[in-house]
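**Student:** I would like the entire structure built from these sequences, with the hints used as guidance.
Residue numbers (this note's numbering), protein chains in the order written: chain A, 22 to 357; chain B, 22 to 357; chain C, 22 to 357.
Incorrect hints may have been included.
One copy or two, it doesn't matter: identical chains are merged, so the pair holds either way.
Think about it this way: if two alpha-carbon atoms lie no more than 20 Å apart in a straight line, the pair counts; the simulated SDA-like pairs of lysine to any residue are [unchecked claim]:
| no. | residue 1 | residue 2 |
| --- | --- | --- |
| 1 | Lys194 | Arg176 |
| 2 | Lys201 | Asp65 |
| 3 | Lys332 | Lys342 |
| 4 | Lys267 | Val131 |
In short, the hints are calculated from the structure, not lab data.
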Amino acid sequence: MTAITLAEIAQALGGQLHGDASILISAIAPLETAGLAEITFLSDARLVALLQSTRAACVIVHPAQAEQAQARGACIVTRDPYLYFARLTQWWRKRLGDMPEPGIHPSAVVHPDAQIDPTASVGALSVIEAGVHIGAHTRIGSRVTIERHCVIGARCVVQSGAVIGGDGFGFAKEGQTWVKIEQLGAVHIGDDVEIGANTCIDRGALGNTVLAQGVKLDNLIQIAHNVQVGENTAMAACVGISGSTKIGANCTLAGGVGVVGHIELADNTHVSGATVISRSLTEPGRYTGVYPFEPHAKWEQNAAVLRQLKKMRDRIKSLEKELAATQARVSPQQES
Amino acid sequence: MTAITLAEIAQALGGQLHGDASILISAIAPLETAGLAEITFLSDARLVALLQSTRAACVIVHPAQAEQAQARGACIVTRDPYLYFARLTQWWRKRLGDMPEPGIHPSAVVHPDAQIDPTASVGALSVIEAGVHIGAHTRIGSRVTIERHCVIGARCVVQSGAVIGGDGFGFAKEGQTWVKIEQLGAVHIGDDVEIGANTCIDRGALGNTVLAQGVKLDNLIQIAHNVQVGENTAMAACVGISGSTKIGANCTLAGGVGVVGHIELADNTHVSGATVISRSLTEPGRYTGVYPFEPHAKWEQNAAVLRQLKKMRDRIKSLEKELAATQARVSPQQES
Amino acid sequence: MTAITLAEIAQALGGQLHGDASILISAIAPLETAGLAEITFLSDARLVALLQSTRAACVIVHPAQAEQAQARGACIVTRDPYLYFARLTQWWRKRLGDMPEPGIHPSAVVHPDAQIDPTASVGALSVIEAGVHIGAHTRIGSRVTIERHCVIGARCVVQSGAVIGGDGFGFAKEGQTWVKIEQLGAVHIGDDVEIGANTCIDRGALGNTVLAQGVKLDNLIQIAHNVQVGENTAMAACVGISGSTKIGANCTLAGGVGVVGHIELADNTHVSGATVISRSLTEPGRYTGVYPFEPHAKWEQNAAVLRQLKKMRDRIKSLEKELAATQARVSPQQES
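**Tutor:** Structure follows, in structure tokens:
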């Protein structure tokens, strides 16, 4: 790929370009490592000192840093440098010409009853079953399975190995054995949703599992049957959501979070990594529950005491009572 | 699919039908949302009040709720409504005609030495290696890999993306480098086992990894080499079982549970979600070990103190000693 | 496969053979269960008593156990019996003839621009995208995806279902919605690396995600974008490493470990299972942070108190103060 001028970038993506518009850019790079033919961005004002040291040909900056940026060389000034950077990566990848082409890879196995928008792409060796709908401009990676009757909106991205519409985990007991409950629902995924690699979204038992518009899921996530996830909620890798739980809109769940079944999380709930949420949360906010790590020997000591916590509290209670009694006996003597 | 009469359902699945047998049913639905042409079930006696409000055409109920159910309309009375519901979903799906057909999808890659029962089904783009046996009526989903010499029983269900018989994780150290131990065992899976989407079951190092009859595994589970899982044990999503561990029969492991290697869990052991089991359990029962979550600021305060637990216990001990000494000095004066 | 003599084994793999070199060996087996035609090994001196009871035809032993081993029958004496065993499994599997053949399975979908060493093997239904390099003797399993421009070294093993080079999880916020940051980097994997089944290694955002030589990853692991993993570091199943984190060389991460983003772990760091590492570790050593499990009822009691830890510490402080004050008042009287 040939290099491109700053003028072309600013023309495509906007922003106020200062400096030599004819400078050639060959790559996008982080502030610390950007080279002489690279464009970079400053989105965190605390890193403003790096403006002095970066060798980048051009820095995308907020108006507050415009003056400092101009003092060192070319810059593009924009209200939200990180957003500008995101759009630049999109534009860059299109220029690279390695975006998936619309259409169905010949090795994919697509049921004749599936309806796939002609602007969507389906990658190599993916399986699209009967009754599936796939919206416009949606990119299905390689080796994805979308099972019968599931619906995927427009402009979604489904990474390789994802399984959408596998059976929910449902059984009735008959004595000691488990009798399968066939999962008769499906999965409904809104527009602009991203599904990570090897992530699994189970079909509903009777109704549907639903991901609202703008939901973003990382890799190796488990979404159980009948879960509902609200708009623009994002989950990092290795999260597991149990059956029939309802996650609100604009939530973030960090890596490894677990949420039990049949509960609700309010909109704007943020859960720290590896935390297990075991009851409904009606108040937005940040929630955490992770055992703080230590050098192993120290952990062993403290973990052993952890099992005596209730006893310790009882001992404190006793101490308080006995001390009060002792004080009562001492005080009158003091006064006398 | 055309609707079906209550009479047909009761004829196929049994139970005592009360009310108009000619009512047409078009779907199965939960009690809360069932509509006028839908059948539902009441398996939890605490929800009996919903009998008044449901619009369902027919409710499957226990004899204890039969009178109330009849008062509102048609019902099917049976000893175990939830089990009846499970059987109904199975019968319903067969009627829908979307059960996998017996036989091997033409896109699957099946080694000529593999033995697949003619009543079994193998989904699109699955890989079945040399020496594999697959039993009668077993359903292998799409994009499943079953590696060399693994054995799958009858009536199993293997969901999409599962990998059965990958190499166990075994290495010997030579200085700082790891030397691979080729995994010469296989995986043996009994009858009536379910394996979830993208779940991995590693082959044994020398002997076999074994899942007994009736085991049910959800999605994204890791079963390491040489693990043995007893009959009818069920594991929810994201569980990890380390090498050579032996899980008893009729156990349940909730989502995200981890079990270390080379230990044994007794029959009828039940482990709460996200708990890590680090030693053998010889007594059946329920075990839990999860950090209780809190609003982040409160968690930060308590987690900081957690690291001083042993010191706190020592301080309580000191207090007890000193208080006793103080009391000893006070008491005689009181008596004097 | 026909049985083989001890002489042939010792000739192929070295070691000092004692006893009847013509004994026929049909399998490798653990010490406890080895039968009369099987070879086994003793790598843990604490198990030396088993030398008396094993029925094995031959035991691989350390010189320190040579005398005892010879007293019971044939043995092979070597400095490192476990390493010898590892090499024996490799040699054995080659004899079995079930090693993957070099070359590309006809069902794999390989981009014409990919460069695959002719000694490498690519399994059934794998997808190798444009610009990928795969080194000599590397074994790619079935149903693996290696996305555009990723590089895999020599003698690597990639298990079935792994996804190498999926998009990193990167978005900029625009109001409440997420704008995708196209991931323009790739994944670079050194020589002698093993990647487990259904493991995901995301491509870098701008630079590369890098696994150094000799890294070993188990199944269902998540390596986020721009992570770097040092030489010979091994991770057990279900580990998750967040973006831009740098793991040192010769580390071990046990199953289910989570590591937050943008931190560094020193060389020779060892993390216990299910521990969450939330800040950089500059000192090598073993780190642990897992809630100790208990019978559920006991856990409930202790977990409830856990939320009052800070209050408990404050109560201890108060007790200490008040007791000191009480003692001060008591002591002078004692002296008087």
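**Student:** Against this structure, judge whether each hint is valid.
**Tutor:** Against the structure, the hints come out as follows:
1. Lys194 / Arg176: Only across copies: Lys194 and Arg176 sit 17 Å apart there, 42 Å inside one copy, limit 20 Å.
2. Lys201 / Asp65: Between copies only: 19 Å across, 52 Å inside.
3. Lys332 / Lys342: Both: 15 Å inside a chain and 17 Å across chains, each within 20 Å.
4. Lys267 / Val131: Neither way: Lys267 and Val131 sit 31 Å apart in one copy and 41 Å across, limit 20 Å.
The earlier numbered hint that this structure contradicts is number 4, and it is the only one.
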